[in-house]
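There are 2 protein chains.
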Amino acid sequence: MSETISEAVPGNTLSEFDRDTAVRQREPGVHDVRLSPGWAIGHALNGGYLLATAGRALGETLAHPDPFTVTAHYLSATTPGPAVIRSETARAGRTLSTGTAGLFQTGADGQETERLRVLASYGDLDTLTDDIRTSAKPPAMPPLDQCFSARDNPAGPDAAPEMGKRLDLRLDPATCGWAVGAPSGRGEMRAWFGLADGRDADPFSLLMAVDALPPTAFELGLSGWVPTVELTVHVRARPAPGPLRVSVSTVNLAGGFLEEDVEIWDSADRLVTQSRQLARAKAN
Amino acid sequence: MSETISEAVPGNTLSEFDRDTAVRQREPGVHDVRLSPGWAIGHALNGGYLLATAGRALGETLAHPDPFTVTAHYLSATTPGPAVIRSETARAGRTLSTGTAGLFQTGADGQETERLRVLASYGDLDTLTDDIRTSAKPPAMPPLDQCFSARDNPAGPDAAPEMGKRLDLRLDPATCGWAVGAPSGRGEMRAWFGLADGRDADPFSLLMAVDALPPTAFELGLSGWVPTVELTVHVRARPAPGPLRVSVSTVNLAGGFLEEDVEIWDSADRLVTQSRQLARAKAN
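Listed in order, the protein sequences are those of chains P and L.
Note that the UniProt record's numbering gives residue 274 to position 274 of the first sequence, counting from 1, and the numbers run on in steps of one.
Note that the UniProt record's numbering gives residue 18 to position 18 of the second sequence, counting from 1, and the numbers run on in steps of one.
Chain P extracted, bound-state conformation:
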């Protein structure tokens, strides 16, 4: 296990994340994107990756640059390949702009199907006051070099989802019981988080990072797919360079649904993101 989570991206090489979330404006409010199979978990593309991509398109449409609060509803499974994102402004204010985006794919029958719908307000993180009164504490977890990477997976380094190769994820051993058939029974998942090619975090990669850890359901003893119904992300500060700590918790697994609450802390001990998703828990 290497000692550092990130290595510098050489020269002007575009990072994997920037390359795979790049959107190309066809006309105002219409962006083309080629979704990469590199962010798949099983057969489906990761919801955080899709949100980051749609978020970049919406950021080009809105008058403000940074996602402040972003909600996505996932409508159907997204496949790698071309997609189009249609976005529009609902209101352009002085401090915040609000708008919507829809990501569509065209099937073999020529029919467009919507994959996710986004409603979001954007602002400018650089204009926030420096009055910070946070009573939350960073998650208690071991140093990075005592956490588990995909290379430590008892099922072998290739057992991780394809998306795992894009990330430098180091799981807190206290939340890894599921990987050896001994889930803790607590709805908790924690990890050090970076991108594998060393790209530092920004507001758009945070939209992906909130959905990048194994589901808390695994530690609750469920093993099936946990599809996201809805995901809301609050980006509260521009993250400092360096590894992030991501802490996920679930308290209410009930009626076939559960919530995942996420906090992301940066290397300067700032709570940079809070998110919550509602997901379906398929019974074993």
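Copies of the same chain are indistinguishable here, so a pair counts whether it falls within one copy or spans any two.
Pairs of lysine to aspartate or glutamate residues, derived as EDC-like cross-links and limited to a Cα-Cα distance of at most 16 Å, are as follows: (1) Lys282 - Asp131; (2) Lys165 - Glu16; (3) Lys282 - Asp130; (4) Lys137 - Asp269; (5) Lys165 - Asp152; (6) Lys165 - Asp197.
Derived from the structure by calculation, the hints contain no laboratory data.
What you are looking at is a predicted structure, and each value in this text was computed from that prediction instead of being measured.
Given the structure of chain P, go ahead and fit chain L onto it with the hints provided.
Same frame as chain P, now just chain L:
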């Protein structure tokens, strides 16, 4: 202070909440509503009341009856009087339907202005499995008869906002320091919650209840207006009859924004709702 939070609504009388959130379909996807001044806080109508009203209209448009996860972005201040809600389906699935709604008012100049935009997924709460594994605990708070109602307000019973007359709200004394100039410094607010006319809770009144308590900012020592930017509500179960317990917490007052996290517990000790809002905290 009466011993019970609710008295029966006599006969067939429509409750205040049902009357004031009633929507009338003009054509499919277009509903008229008359917003009541009875739900004002200062000059603005309460965001939860508006969400409940838009939620009812969207529920008539979608194929499923109950709000499961509902997000609203508040675009401009809403005034009492007529409004129109335009809603549409994004996807109708077997278990969930997803759609959007916008609430508009027409100004003196004849121009329509959007007040809030909603994105939501609805389902049928009666179809949920009865597998309940909740590790959260109901809030620790005194019995209802030891909590404070508007009648106990040291500034007089009429000092409460107009909306307070619609509610039977009993605040936990531990979170009432702000009312006597001695805020606790903790971002917490708790109350027993009912409707003043005794109407029991349902999924739509929960959409209002999550935004009905005084802001946690008051207990953090701020006294100004705390306008909601975005509010997301997960309704996780149909509430049992009887008083609700509403617990609100804030951990991240930073950069001029704060989150309010809400849990609502019903009389059967079921966690029926989780919500989070992002709000602006105006400096004193």
